[in-house]
Structures are given as structure tokens and as C-alpha cells.
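Enquirer: With chain A held as given, fit chain B onto it using these hints.
Chains as they are written, first to last, in my numbering: chain A, 217 to 584; chain B, 15 to 308.
Do not take every clue at face value.
[Said to hold, decoys possible] Stretches of chain A that chain B covers, calculated by requiring three or more beta carbons in the stretch to come under 8 Å of a beta carbon on chain B: (1) 281–294; (2) 324–331; (3) 360–368; (4) 483–495; (5) 532–539; (6) 546–555.
Hints listed in this document are in silico derivations from the structure and should not be mistaken for laboratory results. Note that the coordinates shown come from a computational prediction; the quantities given were computed from them, not determined experimentally. Even glycine gets a Cβ: it sits at the ideal position worked out from N, Cα and C.
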Amino acid sequence: MTATAPSGIFSTSYRHELALRRGRSARLGAVAVAALLIVFPFVAGANWQPIAVFALIAGIGAIGLQLLTGLAGQVSLGHAAFLGTGAYTASWLGGDQGLPVYIWLPAAGLVAAALGGLVGPVATRLRGLYLAVVTLALLFIMSYVFEQWTSVTGGSVGRSTMALTVNGTDLLDGVTLPVLGIELNGNQAYWFFVLAVLVGLGYAARNIQRTRIGRAFLSVRERDLTASVAGVPVTRMKTAAFVVSSFYAGIAGALLAAYQSYVLPTQWGLILSIEFVAMIVIGGLGTVFGAVIGAAFVRAIPELVRSLTGVLPFIEQESDPSGGVTVELVSQFLYGAAIVTVLVFEPAGLYGLWIRFRSFWKTWPWSY
Amino acid sequence: MIKFLQLLFQGVSLGMIYSLIALGFVIVFKGTGVFNFAHGEFVMAAAYIVVAITATQPYGLAVLGALAVLVVIAMVVERFVLRKMIGEPLFAIVMVTLGISIMVRAVVTMIWGYSDKGFADPIGPGVWQPLDGLALAKTGVWTIGVSVALLVALWFFYQRTPAGLALRATAAHQEAAMAQGIDVRRMFAMSWAIAGLLATAGGIFLGAFPRQVGLTMGFVALNALPAIIIGGFDSLQGAVAGGVTVGVIQVMSSGYLSDYGGGRLQDVMPYVVMLLVLLVRPYGIWGSREIERV
Chain A
217 MTATAPSGIF
227 STSYRHELAL
237 RRGRSARLGA
247 VAVAALLIVF
257 PFVAGANWQP
267 IAVFALIAGI
277 GAIGLQLLTG
287 LAGQVSLGHA
297 AFLGTGAYTA
307 SWLGGDQGLP
317 VYIWLPAAGL
327 VAAALGGLVG
337 PVATRLRGLY
347 LAVVTLALLF
357 IMSYVFEQWT
367 SVTGGSVGRS
377 TMALTVNGTD
387 LLDGVTLPVL
397 GIELNGNQAY
407 WFFVLAVLVG
417 LGYAARNIQR
427 TRIGRAFLSV
437 RERDLTASVA
447 GVPVTRMKTA
457 AFVVSSFYAG
467 IAGALLAAYQ
477 SYVLPTQWGL
487 ILSIEFVAMI
497 VIGGLGTVFG
507 AVIGAAFVRA
517 IPELVRSLTG
527 VLPFIEQESD
537 PSGGVTVELV
547 SQFLYGAAIV
557 TVLVFEPAGL
567 YGLWIRFRSF
577 WKTWPWSY
Chain B
15 MIKFLQLLFQ
25 GVSLGMIYSL
35 IALGFVIVFK
45 GTGVFNFAHG
55 EFVMAAAYIV
65 VAITATQPYG
75 LAVLGALAVL
85 VVIAMVVERF
95 VLRKMIGEPL
105 FAIVMVTLGI
115 SIMVRAVVTM
125 IWGYSDKGFA
135 DPIGPGVWQP
145 LDGLALAKTG
155 VWTIGVSVAL
165 LVALWFFYQR
175 TPAGLALRAT
185 AAHQEAAMAQ
195 GIDVRRMFAM
205 SWAIAGLLAT
215 AGGIFLGAFP
225 RQVGLTMGFV
235 ALNALPAIII
245 GGFDSLQGAV
255 AGGVTVGVIQ
265 VMSSGYLSDY
275 GGGRLQDVMP
285 YVVMLLVLLV
295 RPYGIWGSRE
305 IERV
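The following block holds chain A by itself, in its conformation from the complex:
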């Protein structure tokens, strides 16, 4: 990425050096993105709204995995287990115990983080493939727990979850904004709630990246031996990465449970884990923004394929038990192909494409 940066990064003051967004164009870009995010739920069609909410929720989980895999370099195929933990913690606290959202939402994150902390000591002894397989084992063991612990998870038939209530109204029923008087439907209300959580957690992740811990994560990723020589406590940093990433996953799981209002133990499986890894790979490894873009992309594929059916009539709309070229299967195939294509042709992902595009126009016509 440094190779494509126009001609070095110049800072003339410490303020500039420390700023998250440097320069006027970056600030304008941030304002544009913010405006787009606020307007989006009002202009998006009814079929896109739920997908947008799912994408935002997935974005939170993807940021967590990004911190663990993209930043600290620890491969994890067990991310879905932490989402499930968060979902069931929230369902138990919010649904069975009747506690409000400001308790069950953080609690879901904390319980998942605690599980991550338990896994940490085992996982930090291992590297690369062994770590991938051990996190896979964790995933299988946790899905077994989700299926067997009937009193909390409802067993294989699943359970209904809690409602996300703010000021006594369920967000799914839609709310009226107090001052502005704008009426939001359920999806729009969820969009703004999840967006607020995502922005907060994304901002935190961005800052984790820039601080001492983030730099320690990076050094562990590049080479753990070098990191320990430089004075980074490698084992502690790896465990910390697992804890932080599981916290994000727990929050995402809780929000997902609330939005779906019914959860099944099978949904926290290997496929969900792979989806999360695909999100950060497609979006671009090591960047918070990339994780969110990747999440949006992966969640949007099925709807994109569905809108293609007008152009490509051989794709069937409805999924069929006997297979066939259906929207569901085509989008599955495409997302597998997207992973392969990204890794073979643009390892920096969608974010890398954007950087290339940007630096091309920034330096145009003298691109060298």
C-alpha cells in the first residue's frame, strides 16, 4: 500500500499527525459518507432495508475479526461461536430475565470476551494451521453446547429472543423520533441504532489500531519472535486480541438475535465463520473500513444476484430442494469465487482497489 501512496505522507504539526482524517478532502469524504449513511434507509427499497441492517450487524462482527486476524495475524475459524455466545447471553438476560438493552448488550459482549479469554491461552501456544484447526474445534464444541443446553438455547428447535426496546417501544415496531417528528419503520429504526453502535465500536477499533496495543498486534502479526525481542508480551497480546475480537462478535451476535427475533443453534456454524473471514478478505485485511465494506458486499451478493435475474433469465428466483441454478446457489458460488479472485488478483481487497483508484486520480496525470 505504501507503494501506491502518492509521494509520502507529510505532517506539519502534531495535530495533523494525530488526526484520524488528514486534510480537507478526507474530511469532506467523511461528511459525504455520513450523509449517505443517514439518507440511505429513506431512499433504499423495502427489499434492501433488511439487508442493510444485516450488513451493519455483520460489519461489527467483521471489525472484531479484523482486529484478530487482520491486525494481530491470528487465523480464526471460530468467530461464529462467539457470535452465538453473545446471542444466547443476550437472549437469556433480555428475554428470560427481562433486563433492559443497556444491560444485555454490553453483557453479551463481555461474556463472549470472557470465552475468548479462556480460549486465548490454548490458542496462543499454536500458530498458523494448528490455530485454524483449534478454532474450528472450538466452533464444533460450541455448536454442540448450543444444541444441547436446552434451557438457555432452546435446543435444536431454537428459541425466540428479546426485543430491542428503547423508551418502552420495540424498535421492530418502528419509532417516531422525538424532536424531529420523523416516523421510522422497524428496519430504519434498527439501521440507526446499529449504525450508532457500529460507529462507536469502529471508532474504538480505529483507535486501538493506532495505539500501543495496535502496534503490538501488528508486530505479532509480522513476526512474533521479533515482537518479543522488541519487548512485546506476545502471549498477552494474542490473548488480548482474542478478547477484544470476541467482544465485538458478542455484540454483533446479540444485535443479530434481537433483529431476527428467533435464533437456531445451526446458524452459528462453520458457514457463518467462513462468511466472516470472507468479509475481511474481500474488504481488505487490516483495515476497519475494509471490514465494513466487505460485510456489506457479502451480505448484498444474494440481492444483487436476485436483481440480475431480469437480465439472466436462467437463474431461478425460488430455491428448490432439487438444486438447480437458483439465486441462493449462484450467490454462494459467486461469493466463493469472489474470495478466490480477490486473493489471486488483488490481495489488498476492495479497500486496496479504492486506494489504487484514489492515488491514480490524486496524482493524475503524473502517476509515477
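Expert: Just chain B, lined up with the frame of chain A:
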């Protein structure tokens, strides 16, 4: 005692299937440095192809057909995807193979649908009774016999033929092998072809074991992963020993522990044992120890 022997036999025959699948992972990993997470889907695809061809053609032709398709798929994947990934970090390579596994799964579902298919094997459901009360399924006997024959052939190929020697040399040190005039690219292709062959064998037996072929087979084949970990990632004999261990553990726990943990303990037992082994020996029982001073 009879129950124990009965379960031991079933465990070993299931374990031999896992060994074949595990060897497919290990041979590619040792030979080319790629850990192919799509191998489970290859196994599944092989079983589906056999089912599809046996509907109209004799069994032998079906096996040959599946073998041809799988070897070609494996070599295409190697040539056009993983050849381009040489030198990329391990994580990227794992992700590419996961992407391929998703694609294979989607294509298999498009062609054959979601529901399970019956699997007709030429051996039939008969049993063989060497002892009074001990009934050994003929499929199981055949599974063990054919697997052992395959393993011996593989051992002979690796240890006693020039091509096997070249493969081992490539696995040991690629540059040194090139300096000796070995065509490393051909060796890579050959490793993948052998993995395709093992996937076909594994798919056929895994389909014959519960006598049906379904989309869950890709996940069942992942049970070869604990086998590999227990044995050690880069050890061929470790893969076989680990495979048999996992098979026996699974069948024993389904036979003796069916009253506990909702009767599904056999699904997680291999992973629990794997974690225990890893706590004691982080490189598996026969795996080579990476030099590590962290």
C-alpha cells in the same frame, strides 16, 4: 466383549476411511505447502459422481469416472489457483481453499439438490460371522481391505519408485530438488493428483458406510482434521494412525456413551481428544517440531 470387538471393527473401518481422507490433506500439505480445506468437498463431490454414474452404468465405470473428474479438478485447482499463490502467507492460502470449497459445494448442490441420495455399492448389506454373535458388515471388511491395499501401494510408490523419491525430495527441499533436475511443477501437480485419487477412494467408502450421500459429507470429512492434528501435520504414518484413532474414538463413544450428552457426544469427542493431545504435544504425535523460541 463381543460388543467391544464389534465396535472396534466398526471403528477401525471408519478410521481407515478417515485415514484415506487425512492422507489427501497431508500429501498436498507436505508436497506443496498448501493446506487444502476444500478436500472435504472433493470427497463429497466424488461420492455424488459415483452415485450419478451408477444409475445407468456399471460400478467400475463409475469409480473410474469419479477418479478422472476428481484428478482433473485437483490438477486444475493447483495449476490455475494455487500456483499463483506461491509465496503468499498461509492465511491467504487457507482462505483460497475455503473459497474453492464453497464453489464446489454450490455446484454440487446445483446439480444434485439438497436431499440425501441412496448409495448402492456392489458388496451389498451382507455380514460375515467369524465368531458366534460377532457380525461384521461386509462393506466394513472391504473398506479395511481396500484401504490397506491402497496404503501399501502408496507406501510402495513413495518409498520404492523414482517418482516417489522425487516427490519426497521436493517435499524436503524444493530448491535442492530443482538443482537435482526434478521438475518441481510436475511434482506439485502429481501431489494434487494423488490427493484427488484419495478423495475419490474416501468418498466411495464414506458413502458406503452409512449407505447414503448427502451435503453433510463435506463436514464429516472434516473429521479427518483431528486425525491429522493427532498424528502431526506432515507425517504420513501419523495421518493413518490418527485416522484410526479418531474412528475408534467416535464409534466407541457412540456405543458406550450414548446415554450421556444427548447421544451426540461422538461428534465432538475427536475434537476434545485433539485439544488434549495439543495441550501435551503441540505438534502432534509424529509431527516435526518447528524450531520455536517464543
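Enquirer: Run every hint past the structure and note whether it holds.
Expert: Hint check:
Here's how the segment 281–294 of chain A fares: 3 of its residues keep a CB closer than 8 Å to some CB of chain B, so the rule of at least three is met and the hint holds. Counting residues of the segment 324–331 of chain A whose CB lies closer than 8 Å to any CB of chain B gives 0, which falls below the minimum of 3, so the coverage claim is violated. With 3 residues carrying a beta carbon less than 8 Å from a beta carbon of chain B, the segment 360–368 of chain A meets the three-residue requirement, and the given coverage holds. For the segment 483–495 of chain A, the proposed coverage by chain B is satisfied: 4 residues have a C-beta within less than 8 Å of a C-beta in that chain, meeting the threshold of three.
Given a C-beta distance limit of less than 8 Å, the hint that chain B covers the segment 532–539 of chain A holds, as 4 residues qualify and 3 suffice. A stretch counts as covered by a chain when three or more of its residues have a beta carbon under 8 Å from one of that chain; for the segment 546–555 of chain A and chain B the count is 8, and the coverage holds.
Of the numbered hints listed earlier, the single one contradicted by the structure is hint 2.
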